[in-house]
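K.L.:
One letter stands for each residue in the lines below.
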Amino acid sequence: MSTTPVPDLSGRRAPPLGGFNATALRLEVRRTLRNRRTVIITMIAPVFLFLILGLNTGDEHVVYGHGNYAAFVMVSLMLYGAVFATSNAGAAVSVERTQGWSRQLRLTPLSSGAYIGMKVVSALVLALGPVVILTVVGLATHRASMPGYLWIVSPLCVWVASPLFAVFGLFVGYLLPPENVIQLLGLILTLLAFAGGLFVPLSLLPGGVQAVAKWTPEFGLNQLVHAPLLGQGVDWTWIVNVIAWLAIFAGGAMWRFGKDTARV
Amino acid sequence: MASTGSTGNGQAVGATASLAVELRGVRKHFGHIEAVRGVDVSVAPGEIVAILGPNGAGKTTTIDMILGLSAPTAGQVSVFGMRPRNAIAHGLVSAVMQTGGLLKDLTVGETVQYTASLFAQSEPAGEVLARAGIAQIADRRVGKCSGGEQQRLRFAMALVSDPELLVLDEPTTGMDVEGRRSFWSAIRKDAAKGRTVLFATHYLEEADVYADRIILLRHGEKVADGTSSQIKAMAAGRTVRATLAGATEAGLRVIPGADSVEVRGDTVLIHSGDSDAVARYLLTQTDAKDLEIIARGIEDAFLALTGDDPGPGPASTGAS
Numbered sequence: 001m002s003t004t005p006v007p008d009l010s011g012r013r014a015p016p017l018g019g020f021n022a023t024a025l026r027l028e029v030r031r032t033l034r035n036r037r038t039v040i041i042t043m044i045a046p047v048f049l050f051l052i053l054g055l056n057t058g059d060e061h062v063v064y065g066h067g068n069y070a071a072f073v074m075v076s077l078m079l080y081g082a083v084f085a086t087s088n089a090g091a092a093v094s095v096e097r098t099q100g101w102s103r104q105l106r107l108t109p110l111s112s113g114a115y116i117g118m119k120v121v122s123a124l125v126l127a128l129g130p131v132v133i134l135t136v137v138g139l140a141t142h143r144a145s146m147p148g149y150l151w152i153v154s155p156l157c158v159w160v161a162s163p164l165f166a167v168f169g170l171f172v173g174y175l176l177p178p179e180n181v182i183q184l185l186g187l188i189l190t191l192l193a194f195a196g197g198l199f200v201p202l203s204l205l206p207g208g209v210q211a212v213a214k215w216t217p218e219f220g221l222n223q224l225v226h227a228p229l230l231g232q233g234v235d236w237t238w239i240v241n242v243i244a245w246l247a248i249f250a251g252g253a254m255w256r257f258g259k260d261t262a263r264v
Numbered sequence: 001m002a003s004t005g006s007t008g009n010g011q012a013v014g015a016t017a018s019l020a021v022e023l024r025g026v027r028k029h030f031g032h033i034e035a036v037r038g039v040d041v042s043v044a045p046g047e048i049v050a051i052l053g054p055n056g057a058g059k060t061t062t063i064d065m066i067l068g069l070s071a072p073t074a075g076q077v078s079v080f081g082m083r084p085r086n087a088i089a090h091g092l093v094s095a096v097m098q099t100g101g102l103l104k105d106l107t108v109g110e111t112v113q114y115t116a117s118l119f120a121q122s123e124p125a126g127e128v129l130a131r132a133g134i135a136q137i138a139d140r141r142v143g144k145c146s147g148g149e150q151q152r153l154r155f156a157m158a159l160v161s162d163p164e165l166l167v168l169d170e171p172t173t174g175m176d177v178e179g180r181r182s183f184w185s186a187i188r189k190d191a192a193k194g195r196t197v198l199f200a201t202h203y204l205e206e207a208d209v210y211a212d213r214i215i216l217l218r219h220g221e222k223v224a225d226g227t228s229s230q231i232k233a234m235a236a237g238r239t240v241r242a243t244l245a246g247a248t249e250a251g252l253r254v255i256p257g258a259d260s261v262e263v264r265g266d267t268v269l270i271h272s273g274d275s276d277a278v279a280r281y282l283l284t285q286t287d288a289k290d291l292e293i294i295a296r297g298i299e300d301a302f303l304a305l306t307g308d309d310p311g312p313g314p315a316s317t318g319a320s
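Line by line, the protein sequences give chains V and Y.
According to my numbering, the first sequence is numbered sequentially starting from 1.
According to my numbering, the second sequence is numbered sequentially starting from 1.
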């Protein structure tokens, strides 16, 4: 239309940080916590397992590094709970996809990195539940024993390590429809927990299984979060394991975010 | 776009930026299916343009490429002289989709706040909610809103970033007549401030009444591009209606230029690509009275231009 002047676009900017911002982050966290059932299950499941595996063994006097067996099991189950929470928070993207929200977000300046960043932070909030409650239960039941500083350091290590599985959950959530995601995620997490040595020490598994298990994504994390308790240093292959899987999951999630534009 | 084949320097970008939307030789294949086959479209800032076509004409595919949701197999798409994704990142474009795009567990107000927060510049969420007429349900969960309320919410989300280009994909599907009218009056009021509006629709009347210009697609090709009266004229032919006692269809078919004829009592209807010749003949060679020349409606034009017959022509409008 000759009557309309060409609009002045000079004032139009792209948002900083690819659209990552406090308002959207607050709403993401609120959404995650609105899902009461997930919040409760992520807290109950590891506590329940700890009461079975950590307390009724008669092994609590066995020394594991700076602590005892119950402390070792407590840290394992903290990781299990945190991984369960973060991967569930990530996999919720599957529901967003079916509601067309992913496509809607593609019509905003939000970048895939900023989106994944917000998802990771809200997953971290959800993971606080199992980590804190298991620490409290561990203290209250008096079977787990380790030096005072480890009651801070070990839960913190678990919490800081858990985003790997938020990204894993996102990737799985992008690959699978929501009706399959919950069942499959439970199965995959159980297998990965066994392979990572969370439930049973890897040394009890056959040699062939052990060799494969060392390449699975929960193995490196499990070794790292137990390192402060065991006090035997850190093997660089654990770090490589975590970084490699983080790159795979994050790359996969970002790739799917960009592709996921299906109409619903 | 630096790769448009012209000079590729800053000057060229400035030149293309004078168009809100530009498609040049755009093709899109899905496997062996050619959804869009070489479409050229230019939309100037401030225009309201309808993309009209039957299902499978390539409307949605074209819109998806303008929105950067899919990439053309060949050709160039630019929005304000930028790649579509870049135009979106700069907050220049918003879209209202027909379905989906909403999270059921957020409230109406939260959804607009969330959307607003993703843009570098946005209008206050409360103001936009009020303008969309949904301020009173701001605390309601999206999953509990009616279809009409959800559509108003999508509209609010699209306007919160004050975009230069608003893309609407079948925006009023499922709305009642009153809803459609108030929706379009809001859009028109909004476009009066200079916003460019591009909408896909299969409601012919909507394109006819609300668009400055109509782009008609068929089988992935542009078959017409013009104002609705130009499109009606392109579909060729008008109807000449007259009162003529004792006329027979066989007798009328000899009139030069008559494509099809119809007799209803004393009223005769003659469809023709040359209505002047028919009128002249009727007035000079017969006793015809009360002569009227009627342009075809947009619906007939639409059928003529998008029907499966090989070309535009009056074949689809023969006497019934």
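Take the hints with a grain of salt, since some may be wrong.
Some, not all, of what chain V presents toward chain Y, calculated at C-beta under 7 Å [what the hints assert, rightly or not]:
#1 P7
#2 Q99
#3 T108
#4 Q183
Just so you know, these hints were derived from the structure itself, not from any lab.
C-beta: ideal position from N, C-alpha, C; glycine also.
K.L.:
A separate judgement is required for each hint: does it hold in the structure or not?
P.N.:
Here's how the hints hold up against the structure:
{"no.": "1", "hint": "P7", "in the structure": "holds, 5 Å"}
{"no.": "2", "hint": "Q99", "in the structure": "holds, 6 Å"}
{"no.": "3", "hint": "T108", "in the structure": "holds, 4 Å"}
{"no.": "4", "hint": "Q183", "in the structure": "violated, 21 Å"}
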